[in-house]
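Generate the whole structure from the sequences, applying the supplied hints.
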Amino acid sequence: MEEIREVEANNSGWTFEQAMRRLEEIVRQLESGDLPLDASIRAYEESMRLVKFCREQLDKAEFQLEKLGQELGEDSVTP
Amino acid sequence: MEEIREVEANNSGWTFEQAMRRLEEIVRQLESGDLPLDASIRAYEESMRLVKFCREQLDKAEFQLEKLGQELGEDSVTP
Amino acid sequence: MEEIREVEANNSGWTFEQAMRRLEEIVRQLESGDLPLDASIRAYEESMRLVKFCREQLDKAEFQLEKLGQELGEDSVTP
Amino acid sequence: MEEIREVEANNSGWTFEQAMRRLEEIVRQLESGDLPLDASIRAYEESMRLVKFCREQLDKAEFQLEKLGQELGEDSVTP
Amino acid sequence: MEEIREVEANNSGWTFEQAMRRLEEIVRQLESGDLPLDASIRAYEESMRLVKFCREQLDKAEFQLEKLGQELGEDSVTP
Amino acid sequence: MEEIREVEANNSGWTFEQAMRRLEEIVRQLESGDLPLDASIRAYEESMRLVKFCREQLDKAEFQLEKLGQELGEDSVTP
Amino acid sequence: MNALTRAADQTEVVLTVTELNRRIKERLESDPRLVQCRVAGEISNFKHHPSGHMYFTLKDETSRIRAVMFSSRNRRLPFRPEDGMRVIAFGAVGVFERDGQYQLYVEDLEPDGVGALFVRFEQLRRKLADEGLFAQERKRPLPRFPARVGVVTSPTGAVIRDICTTIARRYPLARVVLSPAQVQGPEAAPTIVRALEVLYALDPKVDVIIVGRGGGSLEELWPFNEEMVVRAVARSPVPVVSAVGHETDVTLCDFAADVRAATPTAAAELVCPHQTELRAYVDQASARARNAVLVKVAWGRDRLMEMARRPVLREPARTIAVRRQLIDYLEARVREAQRRPIGVRRRALADLERRLQRVQVGGSIQARRQALMRFEHQVRSLVGRQVHFQSRRLEGVIGKLEALNPLAVLRRGYGVILDEDGGVITSVRALAPGRRIGIRMHDGTVEAEVKSRGGDSGGRGEQLRLDL
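Chains as they are written, first to last, in our numbering: chain A, 95 to 173; chain B, 95 to 173; chain C, 95 to 173; chain D, 95 to 173; chain E, 95 to 173; chain F, 95 to 173; chain G, 34 to 501.
What the hints contain is simulated information worked out from the structure, not anything from laboratory work.
There could be a bad hint or two in this list.
[Stated by the list, open to error] SDA-like, lysine to any residue: derived pairs with alpha carbons at most 25 angstroms apart: (1) B:Lys146 - G:His410; (2) G:Lys238 - F:Gln151; (3) G:Lys238 - F:Leu159; (4) D:Lys154 - D:Trp108; (5) B:Lys146 - B:Gly107; (6) C:Lys146 - G:Gln390.
Below you can see the structure in the form of structure tokens.
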């Protein structure tokens with residue numbers, strides 16, 4: 095719980111990889127079924143936030159790839 | 095990461111060979127799979143710049159060669 | 095690199111033999127493939143100049159020979 | 095090189111034999127191909143002058159012989 | 095060379111035999127081919143003079159012989 | 095040569111024997127070929143004089159008998 | 034018959050001829066009167082055999098004997114034996130066994146009658162010879178052209194006449210100086226000596242002296258064997274020709290003279306040349322001298338011609354031509370060689386240019402481009418793959434999360450009671466009335482207040498009344 099809080103708190107300082115690891119942990123916790131409902135709800139809520147963060151990161155990366163590719167002459171790369 | 099910054103900063107002072115070596119290094123790093131996503135993106139960005147720099151160097155060299163060939167009578171070299 | 099600069103500067107003060115020796119050295123360097131791109135471009139440029147210089151020297155020499163031959167009675171030679 | 099200069103300077107003070115010896119030396123040098131380009135041009139020039147000088151000496155000698163023959167009765171020698 | 099000059103100077107004081115010996119010596123020198131060009135010209139000149147001198151001596155001798163024969167009654171000699 | 099001069103000088107004071115001997119000597123010398131040309135001429139001249147002298151001597155010769163006085167017994171003279 | 038018988042009686046042996054001759058020979062040769070004897074006689078049948086032996090017969094008016102003188106004995110005879118010559122032979126009688134003849138083996142022979150003189154002659158000869166007076170070394174050559182010929186002889190004899198005739202004919206240039214002497218008789222010798230001395234004392238001297246007289250007997254010639262005469266001749270300051278007697282006569286004077294002449298005429302011929310020979314010589318001399326000079330001149334001309342004809346003198350231009358050729362040759366070589374340095378260098382330069390072309394600086398650019406492209410491609414694909422992978426990973430997580438969504442239960446109408454702190458309240462026992470709680474539905478949360486709580490109904494849970 096403490097961890098999740100923390101995560102939520104400084105989400106923006108995370109890396110994609112940290113977020114993904116947290117997500118996978120949450121999935122594991124959820125799958126284990128050991129979590130009380132409210133904890134799992136909270137975990138789930140956290141995972142949603144993480145998913146959003148990760149997706150944003152990936153989008154950003156994809157965008158940058160494309161942008162840089164165009165900038166540096168994508169066309170000349172594939173001859 | 096520190097290195098990459100530096101590279102971007104004084105790119106213009108580099109030689110073609112240094113740039114190529116840096117590119118190779120980046121490829122190796124990327125291939126190792128150890129880079130976090132954002133680092134990869136940054137590496138991608140750097141490599142693109144390096145590619146651009148190198149390409150410019152090559153273009154310049156080619157141009158110079160052609161120019162020299164014309165200036166100093168390329169035709170008379172081949173007897 | 096320093097050497098090459100110097101060479102270009104006082105090319106005109108050179109003898110044919112010095113130029114040939116330098117040219118040979120440059121060709122060897124170029125053939126070794128050890129030169130960085132820009133150095134090889136510069137070397138190539140220098141070699142072109144040296145070739146030109148040498149060729150001019152030879153042309154000049156030939157011209158002088160002909161002139162001398164005429165001056166000093168080329169005709170009287172073949173009896 | 096110094097020698098050649100010198101020779102051109104006081105050519106007129108030479109004897110036919112000295113000139114011939116010098117000529118032979120130059121021919122040998124030229125044939126060896128060891129002379130630097132400019133030196134070989136100068137050597138050629140000198141050799142042409144020497145040839146001219148020698149021929150003049152011979153012409154002079156021939157003239158003297160003829161004169162002597164007339165003066166001292168060439169005809170009376172052959173009975 | 096000094097020798098030759100000298101000879102020319104007091105040629106008239108010579109005997110036929112001295113002149114002949116000198117002539118033979120000169121011919122030997124000329125035939126040896128060792129004489130320098132100018133020396134051989136001078137030698138030739140001297141030899142011409144010597145030939146002339148010797149011939150004159152012989153003519154003179156013959157003339158005197160005739161004269162004496164007549165003076166002292168050559169006719170009565172051959173009975 | 096000195097000898098010959100002397101002979102010519104006092105030829106007239108000579109005896110027939112001296113003249114004959116001298117003549118023989120001269121002929122021998124001349125025939126030996128050892129005399130120089132001019133000496134030969136002089137010798138010839140002398141020989142002519144000697145011949146003349148000898149011939150005269152022979153021509154003018156008249157037999158003479160001289161009887162020395164010694165008193166002898168006339169009777170015992172006839173053998 | 035009778036005699037034979039008698040002989041047979043007296044001697045037992047019959048002799049052979051040889052034995053008999055031997056007996057005779059032994060008998061004769063053992064007689065001392067026959068071994069060393071002197072025989073006077075006249076020579077006849079004289080034969081001088083080629084072997085050198087002399088065979089002759091000695092005879093007198095009534096008798097004769099054969100004689101032989103072997104060459105070993107006769108070689109030194111001072112005279113020649115002749116037929117009719119009277120001699121005294123000294124020798125031994127011997128037998129010539131082959132012919133059975135006895136003969137006189139002559140050991141020495143001397144003319145008869147002058148024996149004493151002969152001995153004197155011989156003794157004096159030996160004495161003077163021992164003194165060296167006759168030595169061959171003392172002989173002087175005769176003057177070739179005598180101006181004065183001294184003659185010692187009788188002023189009236191044939192000798193002086195012959196000499197004068199001969200010299201006047203042969204060589205009138207010579208004056209004959211006669212120094213008269215007696216040439217015969219006991220007074221002769223001193224006059225000869227004096228005559229010689231007179232000649233020796235003459236000034237100018239005579240060039241040669243002839244001493245002579247005509248032929249005669251040994252006694253007549255004797256003055257010329259006198260010691261004083263011989264010595265006088267020997268000390269002559271000028272050559273002496275001895276002409277004493279005939280050819281066969283020998284005197285000591287002959288030995289002492291420089292030359293012996295057989296006759297006075299011969300002596301005159303010896304002492305002077307013949308004037309026709311002289312004239313011939315003189316005539317020839319000028320011709321020979323002239324000829325020698327001509328030969329000399331001709332020889333000089335030949336030699337001079339030979340010199341003048343030498344190629345170096347006749348064709349002096351040849352030395353120049355040779356040098357010209359040398360120069361032409363050198364010039365050709367110069368011309369040939371002049372472009373060689375350029376040619377060599379052009380080739381070297383072309384070689385360098387070819388190598389320069391092969392270097393392909395441009396080609397290396399292409400290679401570099403490809404390397405660069407490869408890097409770019411790798412970077413792009415690697416980064417792309419990473420993004421792709423992470424996307425897939427995220428999608429997987431999202432899928433799982435959807436299945437695990439805890440709020441999906443609430444959708445069926447369930448709610449979750451939460452305490453003030455959001456904790457889930459699972460038992461009604463925790464719900465005292467009046468407690469404020471939250472109820473979480475699938476689509477949100479409401480706040481409520483517990484109003485009451487039912488009793489425990491057998492484990493079926495308490496009834497809860499909520500004031501929402």
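Restraint check for Lys238 of chain G with Gln151 of chain F, where alpha carbons must lie at most 25 angstroms apart: Since the Cα atoms of Lys238 of chain G and Gln151 of chain F sit roughly 20 angstroms apart, the hinted pair holds (cutoff 25 angstroms).
Lys146 of chain C paired with Gln390 of chain G [C-alpha distance capped at 25 angstroms]: Judged against 25 angstroms, a Cα distance of about 14 angstroms means the pair holds.
Measure nothing beyond the straight line between the CA atoms of Lys146 of chain B and His410 of chain G; if it is 25 angstroms or shorter, mark the hint as holding. Distance of about 13 angstroms is within 25 angstroms: holds.
Satisfaction of hint between Leu159 of chain F and Lys238 of chain G, Cα-Cα up to 25 angstroms: Between Lys238 of chain G and Leu159 of chain F the Cα gap is close to 15 angstroms, so the pair holds against 25 angstroms.
If you draw a straight line from the CA of Lys146 of chain B to the CA of Gly107 of chain B, is it 25 angstroms or shorter? 14 angstroms, holds
Given the hint that Lys154 of chain D pairs with Trp108 of chain D, test it: the Cα-Cα distance must not exceed 25 angstroms. 14 angstroms, holds
When each numbered hint is compared with the structure, no violation occurs for any of them.
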